[in-house]
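From first to last, the protein sequence lines are chains A and B. 147 is the number that numbering that gives the first Met the number 0 gives to position 148 of the first sequence; each next residue is one higher, with no gaps. 126 is the number that numbering that gives the first Met the number 0 gives to position 127 of the second sequence; each next residue is one higher, with no gaps.
No incorrect hints appear here.
Stretch-level coverage of chain B by chain A, calculated; a stretch enters the list once three of its residues show a Cβ under 8 angstroms from a Cβ in chain A:
1. 21-32
2. 47-59
3. 67-75
Far from chain A, by Cβ distances over 10 angstroms, these chain B residues were calculated:
4. LEU192
5. THR219
6. PRO222
The hints are simulated quantities; they were obtained by calculation from the structure and are not laboratory data. Fair warning: this is a prediction, and the values are worked out from it, not measured in the lab. No residue lacks a Cβ here, since even glycine has one placed at the ideal position from N, Cα and C.
If you want the building blocks of each chain, they are given just below.
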Amino acid sequence: MGSAQRDGDLVRLIEAVAGGDQAALRALYDATAPKLLGIVLRILRDRGAAEDTLQEVFVRIWQRAGSYESRAGAPLVWLVAIARNGAIDRLRQEKAARLTQVEEGWLERLPDLGDGEGDLARRDALAHCLGTVEVPQRECLVLAYCEGWSREELAARFGCPVNTVKTWLRRGLISLRGCLEAA
Amino acid sequence: MSDPHSWPDDPDGTAGEYVLGTLPPEERTAFARALDGDAGLRALVAGWEARLAPLAMATPPVAPGPATWAGIAARIGGTQGAVPGGAQIIRLERTARRWRVAAMGAGALAAGLALWIAAGPRPAGEGAQYLAVVDRGGALPALIVRVDLGSGLVQVRSLAAETPPDRSLELWYVGAGAAPRSLGLVTDASARLPVPAALRQGAEGGSLAVSVEPKGGSPTGSPTGPVIYSGKLVRD
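Generate coordinates for the entire structure from the input sequences, incorporating the hints supplied.
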């Protein structure tokens with residue numbers, strides 16, 4: 000299925016969910032829950048916590064579907080944002096120290112987003128532009144976004160002050176945005 | 000009042016860090032609150048969400064367990080047939096609605112009885128645990144039922160279940176295709192009841208139900224009064 004047709008289907012489902020259609024929520028769940036659980040699990044790293052969060056996420060989708068505007072962005076982007084926010088909020092609430100370890104070879108494979116879904120042009124542009132961001136900044140962006148690393152955890156990994164991490168993150172974002180807008 | 004937050008100076012960087020998830024917790028909370036009333040900030044956040052989303056899409060999918068949907072369906076007041084055993088839940092809910100009408104007529108129970116069960120796996124030590132929150136629809140949970148096969152106990156905490164003055168509430172385990180078995184009376188306090196043999200084999204597919212019985216419990220060993228709460232037990 001092309002991404003445009005898929006987006007159209009998801010938009011129709013979200014609109015039906017906004018109207019209180021529970022079968023539409025189930026269809027939306029079937030279409031997107033595995034992807035969203037993968038994203039949440041990568042951040043939380045605990046299967047039980049991730050599935051709890053996925054429940055919260057779909058209850059939130061049920062409650063907020065009426066606020067989704069298809070003109071404002073792709074439906075999958077909206078769903079991913081709700082899922083990631085749920086995971087990050089849970090992670091920050093728990094505050095427990097966790098083992099931050101980077102999967103062998105993962106960062107080196109970036110920016111290879113070959114298995115991704117969604118808009119191909121956006122994906123290729125992001126892969127290209129991440130490649131132009133300096134290494135420590137790029138690693139900070141990717142570890143934070145994909146795995147939920149905090150500034151403190153990143154500072155410990157790179158052996159630098161927390162303020163340096165903040166500076167790297169903001170500079171990395173500026174570089175990324177500049178590259179994406181020039182493309 | 001000083002503003003410790005950075006978004007007036009660097010709104011786009013703050014929006015980006017909000018999306019990354021790296022804002023310190025207090026600033027994250029304050030920023031999320033500010034988003035509600037600021038369309039400009041929301042547009043910056045949406046921009047970063049769209050820019051970074053391909054990175055999230057590259058994450059391999061993971062299939063959720065069946066309990067996850069069941070929990071969602073229960074929390075949105077699900078009456079869809081999507082849950083195995085959904086037909087039974089619908090039937091019990093209808094029973095509850097009939098009782099609601101009867102109860103309002105009798106003035107015995109507060110209005111607003113509804114079926115709501117959130118059930119899901121909890122990390123268990125030795126044996127499986129099942130948790131059922133049996134609710135009256137949006138208010139405080141009326142009952143929290145924890146079935147712990149490890150310790151062999153059913154624990155019932157009654158939070159807001161109103162008992163008609165001359166009646167008792169009785170908790171039942173309804174196995175798939177089996178006759179209901181009494182787990183004991185629901186008292187005002189926290190009650191611990193031994194797990195019956197039927198549940199020790201694992202409670203998949205079973206439901207819990209609370210019925211209104213004569214004072215002291217059902218005289219026949221089966222539910223005789225209306226079912227006012229019910230919920231399904233789900234485990235991964």
